[in-house]
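Top to bottom, those sequences are chains A and B.
Using UniProt numbering, the first residue of the first sequence is number 1, and each one after it goes up by one.
Using UniProt numbering, the first residue of the second sequence is number 1, and each one after it goes up by one.
These are calculated hints, taken from the structure and not from any lab test.
A few of these clues could be false.
As the list makes no split between identical chains, a pair holds if one copy fits it or if it spans any two.
Subject to a maximum C-alpha distance of 25 Å in a straight line, what follows is the list of computed SDA-like cross-link-like pairs (lysine to any residue) [to be verified]:
1. K339 <-> R88
2. K102 <-> V367
3. K298 <-> D10
4. K240 <-> D378
5. K298 <-> L66
6. K339 <-> E121
7. K298 <-> E5
8. K298 <-> G331
9. K27 <-> L106
10. K127 <-> D357
There are 2 protein chains.
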Amino acid sequence: MAVGEFPFPDMPPVNGVSLGTVGAGIKKQGRDDMLLFAVAEGSTVAGVFTQNAFCAAPVTICREHLQTSSSRFLLINSGNANACTGERGRTDALQLCESLAKQYGLAKETVLPFSTGVIGEHLPVDKMQQALPELIARVTEDAWAAAAKAIMTTDTRPKGATCTLELNGVAVTVNGISKGAGMINPNMATMLGFVATDAAIDQSVLQTLVREVAGLSFNRITIDGDTSTNDACMLIASGKAGNEPVVSTASVDYQKLKSAVADVCMQLAQMIVADGEGATKFVAIDVQGGANHEECLKVAYAVAHSPLIKTALFASDPNWGRIVAAIGYAGVEGLDASKVRVRLNDVVIVENGCRADSYTEEQGQKVMSGERISVHIDLGRGNCSELLWTTDLSYEYVRINADYRT
Amino acid sequence: MAVGEFPFPDMPPVNGVSLGTVGAGIKKQGRDDMLLFAVAEGSTVAGVFTQNAFCAAPVTICREHLQTSSSRFLLINSGNANACTGERGRTDALQLCESLAKQYGLAKETVLPFSTGVIGEHLPVDKMQQALPELIARVTEDAWAAAAKAIMTTDTRPKGATCTLELNGVAVTVNGISKGAGMINPNMATMLGFVATDAAIDQSVLQTLVREVAGLSFNRITIDGDTSTNDACMLIASGKAGNEPVVSTASVDYQKLKSAVADVCMQLAQMIVADGEGATKFVAIDVQGGANHEECLKVAYAVAHSPLIKTALFASDPNWGRIVAAIGYAGVEGLDASKVRVRLNDVVIVENGCRADSYTEEQGQKVMSGERISVHIDLGRGNCSELLWTTDLSYEYVRINADYRT
Chain A
1 MAVGEFPFPD MPPVNGVSLG TVGAGIKKQG RDDMLLFAVA EGSTVAGVFT
51 QNAFCAAPVT ICREHLQTSS SRFLLINSGN ANACTGERGR TDALQLCESL
101 AKQYGLAKET VLPFSTGVIG EHLPVDKMQQ ALPELIARVT EDAWAAAAKA
151 IMTTDTRPKG ATCTLELNGV AVTVNGISKG AGMINPNMAT MLGFVATDAA
201 IDQSVLQTLV REVAGLSFNR ITIDGDTSTN DACMLIASGK AGNEPVVSTA
251 SVDYQKLKSA VADVCMQLAQ MIVADGEGAT KFVAIDVQGG ANHEECLKVA
301 YAVAHSPLIK TALFASDPNW GRIVAAIGYA GVEGLDASKV RVRLNDVVIV
351 ENGCRADSYT EEQGQKVMSG ERISVHIDLG RGNCSELLWT TDLSYEYVRI
401 NADYRT
Chain B
1 MAVGEFPFPD MPPVNGVSLG TVGAGIKKQG RDDMLLFAVA EGSTVAGVFT
51 QNAFCAAPVT ICREHLQTSS SRFLLINSGN ANACTGERGR TDALQLCESL
101 AKQYGLAKET VLPFSTGVIG EHLPVDKMQQ ALPELIARVT EDAWAAAAKA
151 IMTTDTRPKG ATCTLELNGV AVTVNGISKG AGMINPNMAT MLGFVATDAA
201 IDQSVLQTLV REVAGLSFNR ITIDGDTSTN DACMLIASGK AGNEPVVSTA
251 SVDYQKLKSA VADVCMQLAQ MIVADGEGAT KFVAIDVQGG ANHEECLKVA
301 YAVAHSPLIK TALFASDPNW GRIVAAIGYA GVEGLDASKV RVRLNDVVIV
351 ENGCRADSYT EEQGQKVMSG ERISVHIDLG RGNCSELLWT TDLSYEYVRI
401 NADYRT
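Chain A with its partners taken away, still in its complex shape (with noise of 0.2 Å):
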């Protein structure tokens, strides 16, 4: 199940970065399962990490790496989270990174591994380490498409998203996949991202650049409220398009790059939302009229996580009332109710705090039954904003999570 269409898209090659996919036998099913990132000398590599305190090995290990060395492969299997595996985790992810490295003549720490699926079980290192040399050899610039779709677990689509720009004159190419349905609550959460760009980028630069663009899409995206063990949003840029590199988050290359690069992740920020686990509906949850952002986003998330606003929109139910019980215990303080106003697309539901006079049952009942919908609600008492995307709560999001290990 999922919500519209979202086809691949034809992925242009990113100059300097190949990738590779192989079936390493992680998963039962023979899919491909492993997914090789081998990025042009002199790139440069950041990333955004899950705030999980259980965070998976791989990501305790990406985040030491970066720090020491220059990163040239990303490493990523799906079907095993090699999360909560303690200290034989993080063996296991270290020797795979060693065994790949040692194949180039190069240390572990150029290799940042990722990890997404079942948690607390331990990797398959052996079957791992045999697929490498096969996974080396299909290392290309055109397999944007398996790779997405290789880093897939309970997804039903692959999702990528591209765009072109120019800096100064110089076309610079941007290339995203993602990969996650469930445990959705980035900040960052088995949400996995990866996104390249042939331009040059200075490290630090892409360090806020990744932050930013994060903290615009994966970040502003929750299907279950359930924030994982591994997720991570890395940013690649390989410096090979020929550009002026890019050095201060001032200039004015940085925000056309910012502008891409946030577009892609948008998309594929979205994309998640609608091949969420069971999701019948995309859902924007757009809160206005706060006092800060914290609020509008107690607000958004309140109303975003309540399992009687997500089976009402399931069913497509204008059940108003559910909306403004969220809002009232979201925690606001001093909420003043009768200043409150809500909206479903165009249609005013909720005004000074109840039922809006023009307001019918028909036409609530005519936004509902489409397939997306926007909630806007407007707090009445400042000037902050926020917006998030969510899913509805299906009887096939239990199905797919009551039966995940079976």
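Start from chain A and add chain B according to the hints.
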């Protein structure tokens, strides 16, 4: 669907507390949907109410009437919450208070109104007023079972509990009824609880008592994390038992009474969980070893509200990785994952932050297949603990909440 059995108990009369029910046609099915408590002159009445900013008209009125006058009547309806109904909602509720009080030659402030049901629709005041004379005529001391039925909405079973105790040689009775099955995360939430005793208790002591026992019972349950607009827990003390009035919270009588009332309220609260919408499991979440109570509650609520954990519970799947992920994102500052320990009933599943060596999938499966599951979490960083009760998330939950208004 509901977990286990809880036959309605034989409830003795509470001297000085009469009650009656009638079907006013608020609900479609022709069931009794109005309940009246008439309490003897000289009784004390106290309550705790929802913290929802969109609290319903009757909640606001209750708070005002409790301030201004001695309460003689509790007038409750099911089928309509009279919430988010603006000024008219308030006028409607006050009119009913006035009509009732007039029949007894008293002021409207002696009436406390309560409503539960659909949000955002106006009360059918005419029908309700027409039903008042019959309601009054039916009032008796022996209608506890009918009363528990009249306040049900999506509940599948009436909920009652009773106990007796002695205060300084004087026999005292405590009776309670409650309702609630969804939108349950009381603080207070459409949870309603009415507890009556014939003990004599000073008004201010009664207020402390109801706050304390709600904190131990109704405020420690959550079904879907949705705090309702109408929650209330009321405590009535008629004083007819003839005991020396309880005038201090430091007295032995207070402690004895608190223990009895808490016992009744905990039974009622646990019945609400066991009758939770679509519930197939009764789950206790016991967090220990916290540095403070707040962080224990954060962890307990993160686990209780995780849709991934709730669906795994429904599937009897010991997917403990989802439990540690929730502990990890609960927001406990500086949590050391390697000190965390998790047990399901008596089976240790997580030790030192990863799967216990002794753990086998068969053990986990066995525990999870039961109807009653205790999740014991030790954070390993202090001496505080907290306990919550919750349910799983089933197809039936989705069905009930997707169909509620259709």
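**OP:** Could you check the structure against the hints above and give me the numbers of any it violates, in ascending order?
**Re:** 2, 3, 4, 5, 7 and 9
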